[in-house]
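Asker: In order, the protein sequences belong to chains A and B.
Residue 323 is where the first sequence ends in the working numbering, and the numbering goes up by one at each step.
Residue 164 is where the second sequence ends in the working numbering, and the numbering goes up by one at each step.
These aren't lab readings, by the way, just hints derived from the structure by calculation.
It is possible that some hints are incorrect.
Partial list, derived from the structure: chain A residues whose beta carbon lies under 8 Å from chain B [stated by the list, open to error]:
| id | residue |
| --- | --- |
| 1 | A114 |
| 2 | A115 |
| 3 | W182 |
Predicted model only: the values in this text are computed from it and were never measured.
Each residue gets a CB set at the ideal place from its N, CA and C atoms; glycine is no exception.
Spelled out, the chains give:
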Amino acid sequence: MQAVLWSVLKLLIVLTFILLNAMLLIWLERKVSAWIQLRLGPMRVGRPQGWAQSIADVLKLLFKEDIVPSRVDKVLFVLGPIIAFMPALMVWAVIPFGPNFVSADLNIGVLYIAAIGSIGLMSIFTGGWGSNNKWSLISAMRSAAQLFSYEVPLVLALIGVVMLAGSLSLTDIIRAQQETAWYILYQPLGFLVFLIAGIAEVNRTPFDLSEAESELVAGWHVEYSGLRWAMYFLAEYGNLLALSALAATLFLGGWTAPFGLDFIPPFVWFLLKTYLFVFVAMWIRWTFPRVRIDQLMDLSWKFLIPVALLNIALTGIGITIFS
Amino acid sequence: MEIVFWITAFVVIASAVGVVTMTNLIHSALLLALTMFGVAVLFVILAADFLAAVQVLVYVGAVMALVVFGVMILQRGPMNLSNMPSKHVLGGLFAAIATMGFLFWGLGSTEWPVSEAAPAATTVEPIAELLFTKYVVAFEVAGVLLTVAAIGAIILAKEVRAGD
Numbered sequence: 001m002q003a004v005l006w007s008v009l010k011l012l013i014v015l016t017f018i019l020l021n022a023m024l025l026i027w028l029e030r031k032v033s034a035w036i037q038l039r040l041g042p043m044r045v046g047r048p049q050g051w052a053q054s055i056a057d058v059l060k061l062l063f064k065e066d067i068v069p070s071r072v073d074k075v076l077f078v079l080g081p082i083i084a085f086m087p088a089l090m091v092w093a094v095i096p097f098g099p100n101f102v103s104a105d106l107n108i109g110v111l112y113i114a115a116i117g118s119i120g121l122m123s124i125f126t127g128g129w130g131s132n133n134k135w136s137l138i139s140a141m142r143s144a145a146q147l148f149s150y151e152v153p154l155v156l157a158l159i160g161v162v163m164l165a166g167s168l169s170l171t172d173i174i175r176a177q178q179e180t181a182w183y184i185l186y187q188p189l190g191f192l193v194f195l196i197a198g199i200a201e202v203n204r205t206p207f208d209l210s211e212a213e214s215e216l217v218a219g220w221h222v223e224y225s226g227l228r229w230a231m232y233f234l235a236e237y238g239n240l241l242a243l244s245a246l247a248a249t250l251f252l253g254g255w256t257a258p259f260g261l262d263f264i265p266p267f268v269w270f271l272l273k274t275y276l277f278v279f280v281a282m283w284i285r286w287t288f289p290r291v292r293i294d295q296l297m298d299l300s301w302k303f304l305i306p307v308a309l310l311n312i313a314l315t316g317i318g319i320t321i322f323s
Numbered sequence: 001m002e003i004v005f006w007i008t009a010f011v012v013i014a015s016a017v018g019v020v021t022m023t024n025l026i027h028s029a030l031l032l033a034l035t036m037f038g039v040a041v042l043f044v045i046l047a048a049d050f051l052a053a054v055q056v057l058v059y060v061g062a063v064m065a066l067v068v069f070g071v072m073i074l075q076r077g078p079m080n081l082s083n084m085p086s087k088h089v090l091g092g093l094f095a096a097i098a099t100m101g102f103l104f105w106g107l108g109s110t111e112w113p114v115s116e117a118a119p120a121a122t123t124v125e126p127i128a129e130l131l132f133t134k135y136v137v138a139f140e141v142a143g144v145l146l147t148v149a150a151i152g153a154i155i156l157a158k159e160v161r162a163g164d
């Protein structure tokens, strides 16, 4: 009984963490985009810097009327946003916030995350198909093509890290980096592939073809409004946060402190590194234009996958020579 | 743990029945994904977590590919009639009973070894070792077979395009 209560408590903590951070990320995105475009962004709600804007937005969305269009596939329409939240939540089970501060230190952590990632597509497809709308359908089909293509280089890029650490457990990977150096130094190619494929996996510009506003209105969530739409939106930022946390864990040493700055607690280091990647993703989003669908496919199959394979070969050769 | 098994088993069987009885192709395919997911949970209960992750990665992902092909290739008429049951009731019944009988015979006549030993803590290394030593030929042949299938599919698609 104690164990069950403890698990429920952990789940609630993680859920609160994701929701709070997702709201913070939405505010941050608006501020960063404003900064890049020489604007001010939200300023009125909450001083300083309009910090309460996201809270006001979420409250507004909570109280909106729940509209289910009459000709949608009701089951799928309702299921879509719920499935969207699943992977964003489940990923956090294995990510270490600090030493001995992880919900479940699975010894197949990396593989678990890759497997969970493949569920993400399902939420977009259920919502996009269930909406019974041509834009949603085109968006769902595009996402299917995109996520299939980018899952391959993403997983291949992780293999280099796993080879170096000799383990699939995220805690072990961090410990291995503590002993040698951050894997971004050993795996620059792998990191590049991971970053590009990761941004494509979370559907952000320049790879946001599935919600390309200029042609598809909003993509798979055209028909959604109110709380259901908010769930899609929060899940998207939850995914971004999870991806950044994963990048920080695998390539920047997770919670370990660099340069012997041990007096700052591990949890803070973890958050700092995670937010560094969040900022890079936002920077990329507001700097690059959206790619075309054929460029998107070419980038994955003709560039990222060969480079990822080369990286695996180089890592193997390196390990053989230096050990 | 027992109750988790029974719940999962119920979900797996109920969703598998749903796959066959649903008349909408998309609903069937998504239920198939649920079946696969349930099987992965069964693997977790059996302490085969590597297999469970691969099950989700490969099969749940494959179901989405199936859905996409289902939408692109097989659509005819309204979607809620896209996966109608077959009219060959007698043939189907015969095939189902024959398969069930064969499975029961196979499962019943096999000596299932029971071990008291605790399940291995890590399953990745032992599987890798087996794949690259004892089963290396089967493993490589499967890889070659998949490559051949992929290349064949690409050639077929290319030739059709050149022909129009």
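Asker: Which numbered hints are broken by the structure, listed smallest first?
Answerer: Violated hint: only 3; rest satisfied.
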